[in-house]
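Q: The chain contents come next:
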Amino acid sequence: MKKTHITTTINNDEVDFLCEPGETLLDVLRDELQLTGTKEGCGTGDCGACSVTVDNVLVCSCLVLGVEVEGKKIETIEGMADGEELHPLQRKFVEHVALQCGICTPGLLMSARNFLEKNPDPTEEEVRFGLAGNLCRCTGYQNIIEAVMDAAAEMRGA
Amino acid sequence: MGMKPTPFGTQIPYEEKEFKVVGTNPEARPDAVDKVTGKARYAADINLPGQLIGKVLRSPHAHANIKSIDTSAAEALKGVKAVVTRDNFADLPVQHASAGEIMVNFRDVTRAMMAREKALFDGHPVAAVAATSESIAKAALKLIKVDYEVLPHVIEVADAMKPDAPLLNEEQFTKGVEPAPDKPSNIAAQMTSVLGDIEEGFGQAELIVEHEFNTKAAHQGYIEPHSSLANYTEGGNAEIWTSTQGHFLIRAQVAKVLAMEVSRVKVTPAELGGGFGGKNMIYLEPLAVQLSKKSGRPVKMTMTRDEVFRASGPTSGTNIIIKIGVTKKGRITAAKAILNYQSGCFPGSSLPLCTPTAFTRYDIPNVLVIGNDVVCNRPKVAAYRAPGAPMIAFGVETIMDEIAEELKIDPIEIRLLNAAKEGTQTHFGPKLGPIGYIETLEAAQAHDHMKTKLGPNQGRGIATGFWNTLGMETSATLNINQDGTASFIYGTVDVAGGMRAAYSQMVAEELGIPFENVKSIQSDTTSLGFNFTTAGSRGTAAGGMAAVKASRDAITRMCEVAARIWEVEPDEVVWEDGHARPAGSNVGDFDPLSLAEIAAKAGFFGGTIAGHAEINVTGGGPGFGTHLVDVEVDRDTGAVKVLRYTIIQDAGKAIFPDYVKAQFHGAAVQGIGLALNEEYIYDDKGVMINPGFLDYRIPVASDIPPIETQIVEVPNPLHPYGVRGVGEVPIIPPLGAIANAIYHATGVRMRSHPMSPPKVLAALEEAAPAVAAE
Chain A
1 MKKTHITTTI
11 NNDEVDFLCE
21 PGETLLDVLR
31 DELQLTGTKE
41 GCGTGDCGAC
51 SVTVDNVLVC
61 SCLVLGVEVE
71 GKKIETIEGM
81 ADGEELHPLQ
91 RKFVEHVALQ
101 CGICTPGLLM
111 SARNFLEKNP
121 DPTEEEVRFG
131 LAGNLCRCTG
141 YQNIIEAVMD
151 AAAEMRGA
Chain B
1 MGMKPTPFGT
11 QIPYEEKEFK
21 VVGTNPEARP
31 DAVDKVTGKA
41 RYAADINLPG
51 QLIGKVLRSP
61 HAHANIKSID
71 TSAAEALKGV
81 KAVVTRDNFA
91 DLPVQHASAG
101 EIMVNFRDVT
111 RAMMAREKAL
121 FDGHPVAAVA
131 ATSESIAKAA
141 LKLIKVDYEV
151 LPHVIEVADA
161 MKPDAPLLNE
171 EQFTKGVEPA
181 PDKPSNIAAQ
191 MTSVLGDIEE
201 GFGQAELIVE
211 HEFNTKAAHQ
221 GYIEPHSSLA
231 NYTEGGNAEI
241 WTSTQGHFLI
251 RAQVAKVLAM
261 EVSRVKVTPA
271 ELGGGFGGKN
281 MIYLEPLAVQ
291 LSKKSGRPVK
301 MTMTRDEVFR
311 ASGPTSGTNI
321 IIKIGVTKKG
331 RITAAKAILN
341 YQSGCFPGSS
351 LPLCTPTAFT
361 RYDIPNVLVI
371 GNDVVCNRPK
381 VAAYRAPGAP
391 MIAFGVETIM
401 DEIAEELKID
411 PIEIRLLNAA
421 KEGTQTHFGP
431 KLGPIGYIET
441 LEAAQAHDHM
451 KTKLGPNQGR
461 GIATGFWNTL
471 GMETSATLNI
481 NQDGTASFIY
491 GTVDVAGGMR
501 AAYSQMVAEE
511 LGIPFENVKS
521 IQSDTTSLGF
531 NFTTAGSRGT
541 AAGGMAAVKA
551 SRDAITRMCE
561 VAARIWEVEP
571 DEVVWEDGHA
581 RPAGSNVGDF
591 DPLSLAEIAA
601 KAGFFGGTIA
611 GHAEINVTGG
621 GPGFGTHLVD
631 VEVDRDTGAV
641 KVLRYTIIQD
651 AGKAIFPDYV
661 KAQFHGAAVQ
671 GIGLALNEEY
681 IYDDKGVMIN
691 PGFLDYRIPV
701 ASDIPPIETQ
711 IVEVPNPLHP
721 YGVRGVGEVP
731 IIPPLGAIAN
741 AIYHATGVRM
751 RSHPMSPPKV
761 LAALEEAAPA
771 VAAE
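As given, the protein sequences belong to chains A and B, one line each in that order.
Going by the working numbering, the first residue of the first sequence is number 1, and it counts up by one from there.
Going by the working numbering, the first residue of the second sequence is number 1, and it counts up by one from there.
The reader is advised that the hints may include incorrect statements.
[What the hints assert, rightly or not] Looking from chain A toward chain B, a few residues come up when the C-beta cut is under 7 Å (computed): (1) Lys3; (2) Gly71; (3) Glu75; (4) Ile77; (5) Gly79; (6) Ala81; (7) Phe93; (8) Val97; (9) Leu99; (10) Ile103; (11) Thr105; (12) Leu131; (13) Cys138; (14) Tyr141.
Because the hints were derived from the structure by calculation, they are not lab data.
C-beta atoms are modelled at their ideal positions from N, C-alpha and C, and glycine is treated no differently.
For reference, chain A alone in the conformation it holds in the complex:
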């Protein structure tokens, strides 16, 4: 099948790739670019494990086609830490045992970061609704909510 040449920015690096018309952004990230931190849990936009941002908009990358991201700015879990230094959300997830198997974790972190950018001082209930698009089967969400609240407080300088 004939492939299309796409140029984009991923985690501040200029990247180009070839993709089939039917390939999703998730397929491109994982299979063409070997950025396997973004996970596939369903392929139908129901679980949030593949959450990334495209021009700062949080999306399920399984619902975006690779050919749609020409010229866009994409951020994935691989770009979240600043070198060795973890993002406060990553650090708080570790501290609070907010992950078990970890398959949903990259998507949850991308969602949580995007959520806190929009609402830096949320209530616990707002966090629960803000992250309701990200399924986690291991944690029962309790420690995730605590980690996000704690990270939000730290990021506000509280």
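Got chain A sorted already, so can you dock chain B onto it with the hints?
A: Positioned in the frame of chain A, the structure of chain B alone reads:
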């Protein structure tokens, strides 16, 4: 549970002592940084040069004879490198083996992974293709022509048990009934568990309550779909990277179905993206190996979510009748359960495991449990966290609530009155040793949760759970490295990140070195001897016993090295606080040698130091828990909102308490999902109509209230650190607890799940005249 104890098992007695590392929450989380940065490598993240993509063609019919399969057009498609069907796998005779918590029969295993004479469920694999791209593989599937003769099907357990039900296997006669039946049946086997005299027990009862309960199949719901990468090499060996809870079981099953020697199959378990019992059996692995063998290239196969739902998991749907008799004072005199369990398209439900849990929370003199293992046109069931137990507890715990109300006894008091304790005779065999059930009930009574006032349409429910801890074959190696660090190589897959931390804690505690100096590393199948899978809450308990044994073995070796350095006898050296020391002043005046000093010199004084454990652990400890839940029911919509949830459980000894609490959270929320939302739904053709997370709705963050936990510690006397398994108990109580809470909120007893808005609304409307009249 469900397996005979071996007289050659290993138990190491609990020793009361001051712990330095065990029982703390170390800041370093060995698995976590890789998981939060996206670096942790799951099976679907692994690729090999030149790999092909494999896809499976699945039956669209619930029950059909497969008359012929024509793969010629698919094979002719450009980019297709191999196609396999039943013709590429040998038939196997009846042969039973253990796969996690559930027994399997290889005659059935080989038919489950690839249909032979019949397709037995919607989603049953019929053919598999390997091609140079996923799009070509998918296109090839459409070119395979399968000639099906559709047969009548049966989905529900009660229907499958009827004498005129469509039969899945004409040669299956019910086992375990006398006289042996002369007609085939979907009831594969009947099993019973008896204590005392059931008739006499009910004769002594002054109040008898009996009800029927129905539950639906539910999926483990791991977010990671099954994924396997296989490479068949020219030398006749197979390498497999896969998502599994038990790589040694996968190796055994692959070797069996492909008629390979075990030594020629190497399985590497990737980081596991959730299993909960559902990743102990082969699905994609043998197909990928066979496609690789045929194409000469590595083959990677990953299920879609639709495939995960239709063709892996789920737990049994059930039809259960529970009958309990009590005296007016609330003492239980007799209890009976009839458990009709779907096993999916082949025999082998979780009945042997969950039958022992039926009434074991209570001290009851007369018990009868009858279980029927029933086949129907669904995927073969897999274990799901305390397999089969939540459904029985749903019945037993709601009846206990009803009895308490009838006799005007507090629901915790009636449980205390009948509570199992040390010395209680179980209905499945042994007498119980020291357990912490009463402690969890008393903690619940004293808990702040009980003081919260309830508003209108709000109710509080309580329920309890019991699950045993499996031991089984466990092997491990502890390498003492030249720089003074220790590498603990374990073979029981770490399913949630906490096991590898707990192993490092136990090794550090034994060796007397810092937690950070011990690295726990998951083995592949070539670096250790056989390990059983992570099932039955055995991971930290059994793996921990291996960690302790390997550590003590390494200490013996280190003391020998110190003895050689000092030119004394090994028994004149003791190990204390991470150092070899002379056993007494008469041995000589030697400065203590640290682990690092010994490790550095070991090469010259006997060779590399390693400790080993190759054991069969039999010291599993029974675990008990009590849950409290408050709900509010919306009378207009039937929606049940969980307001507050409290979990109290005996962990024996919590090695890493934060991870233990995390296990409580996760299991309880799976139980809440089972109670309120989750169910397999089939259409009238036997096709699953909700095979996706949109329609099979697992709990999301906004469904769940804050969860409180309390760890009770009554040490398991047969484990060196007192550990009991913790992962499974907390999925057992939620169904019953929530049903009880709904009752106390509304006056309506729910006896089937999911207790979803339409069902609760219908129950409220049905009960409305009666409730209004009260």
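Q: Check each numbered hint from earlier against the structure, then list the numbers of those it violates in ascending order.
A: Hint check: 1, 2, 3 and 5 fail, others pass.
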